[in-house]
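**Q** Given next are the chains, with one letter for each unit.
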Amino acid sequence: MVAVHAARTSTQRRIALINPRFATDERAGHAVQLFDSVLWVFKGTTHTSWLTGAVDDAQVVVVHHSEPAAHLDAWRQAGKLIILLSTDEIHHPAGPRTLLYPFPAVQVLSMLERVEAEMDGATSDAHVSSATAQRSGPGTDPWSFVEALRTLRSLGNATMWLECKGERGVSIWIQGDGSRYFCDNDTAAAIRTGSLELGGLTLQKGKPPPDNLRPRSRSELFWFATYHASAALAPWLEQKTSYRLLRWPDFGCLRPSDAALRTAQIRIVAALSEAPSSSAELAARSQTSIETAARTMNALVTCGFAEPVVTTAPTPPSRRQNHAPVPAGGLKQFLRNLRQHLRLGAAR
Amino acid sequence: MSAAEELKIVFTGPMGAGKTTAIAAVSDVPPVSTEMRNHDQASFAKAATTVALDLGHIGLDDGTIVRLYGTPGQERFSFMWEILGRGSMGVILLLDGSNPDVLAELRKYATVFRGIAPEQPFIVGLGRARPGDDEQLDDCAAVLKSLHFSAPIFSVDVRRREDVLLLIETLLTSLEVREQDLS
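Listed in order, the protein sequences are those of chains A and B.
Going by numbering that gives the first Met the number 0, the first sequence opens with residue 0, and the numbers climb by one from there.
Going by numbering that gives the first Met the number 0, the second sequence opens with residue 0, and the numbers climb by one from there.
Honestly, the hints are just simulated from the structure, not real lab data.
Model, not experiment: these values are computed from the prediction.
Please note that a few of the clues may not be correct.
Restraint-style ranges between C-beta atoms, simulated for each label pair [stated by the list, open to error]:
no., chain 1, residue 1, chain 2, residue 2, range
1, B, Asp-27, A, Ala-259, 21 to 27 Å
2, A, Gly-199, B, Glu-74, 52 to 58 Å
3, B, Arg-158, A, Ser-288, 29 to 35 Å
4, B, Ser-77, A, Ala-93, 54 to 60 Å
Where a beta carbon is used, it is the ideal one built from N, C-alpha and C, also for glycine.
Chain A extracted, bound-state conformation:
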């Protein structure tokens, strides 16, 4: 078990994450991103403070397995330790210095502890000046906050509390297993509308929330943080993969205030409940925009409401018979009229 420590040590080490320029597998980028997210979320909570920066100054280099061997040799000769991120289990299986994507955060932390111990044995000069640190800011990655939430959930450490700090101090408290969060009503409203730049917050171990804040739903934070993160599919989703609905999100809690968007989201989930679909298929079947379908799919999968389906053939929508009487003008016209009568979202 990896221990998560309070921020109490002055030990700092430099680590470089290498952009996988030579990879043909798009998951290579996801792997590096995941590693970076783990570093970010546990910043200040581990014994060593890992500062990301340029490879020349780094003591540890994190690379995808596609990196040319000549590069690895050069870095090793320069005294740097290499951590390999693999997306190819057959040729690059998990090992003492190899993480197989998708890897849980606990493996990253274990790996770093081992590397740290190795470095302590190899050099007495473990203190690195932070003056030249060039950590890439968390706000540059729209998925960093969501990745942090995913990591928390995978670790499941309910005894820990994390504080999200912005320019005005702590605004969000998250239980260590991601099961609950606390904030004031204004902050919650900003999370729901996407007006709070979550990627710009720093997340570190802290105290439990004040007593005057009420617990808020885990799904609320996961859903809205993911939905507003990006209009593109999340890095852990695939364009061509079909996803199936495991359960409906609680739209009693998670509905957007915009009526048209609410209708679109309900249509997307309803369509997914009828048959597994890729994001693009879902947009077509639900007659919604690609962006709304992608955002909703991101949120569904991140919240655990949908999962990828491994099938060799597409699954056709279920052919459910309508046993209710059909209105005289047809069901479609009837539903349109009823929507208009009740002033429901976008009448079609």
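Position chain B against the provided structure of chain A, taking the given hints into account.
**A** Coordinates of chain B only, in the frame set by chain A:
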């Protein structure tokens, strides 16, 4: 296609879950309620309850009428459930999340109404849900999963019209999507 003549949406659920309130929130006219003295005070402390049914309606501009039925909450009138549920456009189950037996109630009503109208949309509105508590909804979803189907389960307050509309919109949207998939 059913031989039934009327278009209807059925609201069901145990006594005190808010069926009468929900129908009143969306009906064009005050619903006709056949409320009488509640003889089951041991189960639910409510002076009056619906012994036969609630009936509301929505009238569209083209003359189409959608009837909104609320089933009787007391178990001794459960024979009415099948009469009302058959041929409906969909069923909205309302539950009281503060009731310790809510999961058993969900199982009972879901089993009965999926038997009556297995192909029609089935929507669950959970009232008085514990705020910020995902586990309660997780437990409800697990009950439906154990019955081998999935349905929307929304935390709602049926005293708010928009919450009732959310349930109805989800029902209508489910019908729309199926219609489109079939066409």
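**Q** With respect to the beta-carbon atoms only, verify the hint that Asp-27/B and Ala-259/A lie 21 to 27 Å apart.
**A** Holds, at about 25 Å.
**Q** Please test the hint of 54 to 60 Å on the beta carbon pair from Ser-77/B and Ala-93/A.
**A** Roughly 57 Å apart at Cβ, these two residues keep to the hinted range, so it holds.
**Q** Honestly, do Gly-199/A and Glu-74/B meet the 52 to 58 Å range at C-beta?
**A** Since the Cβ atoms of Gly-199/A and Glu-74/B sit about 55 Å apart, the hinted range of 52 to 58 Å holds.
**Q** For the pair Arg-158/B and Ser-288/A, does the Cβ-Cβ distance stay inside 29 to 35 Å?
**A** Cβ of Arg-158/B to Cβ of Ser-288/A: about 34 Å, so the range 29 to 35 Å holds.
Comparing the model with each earlier hint shows no violations; every hint is respected.
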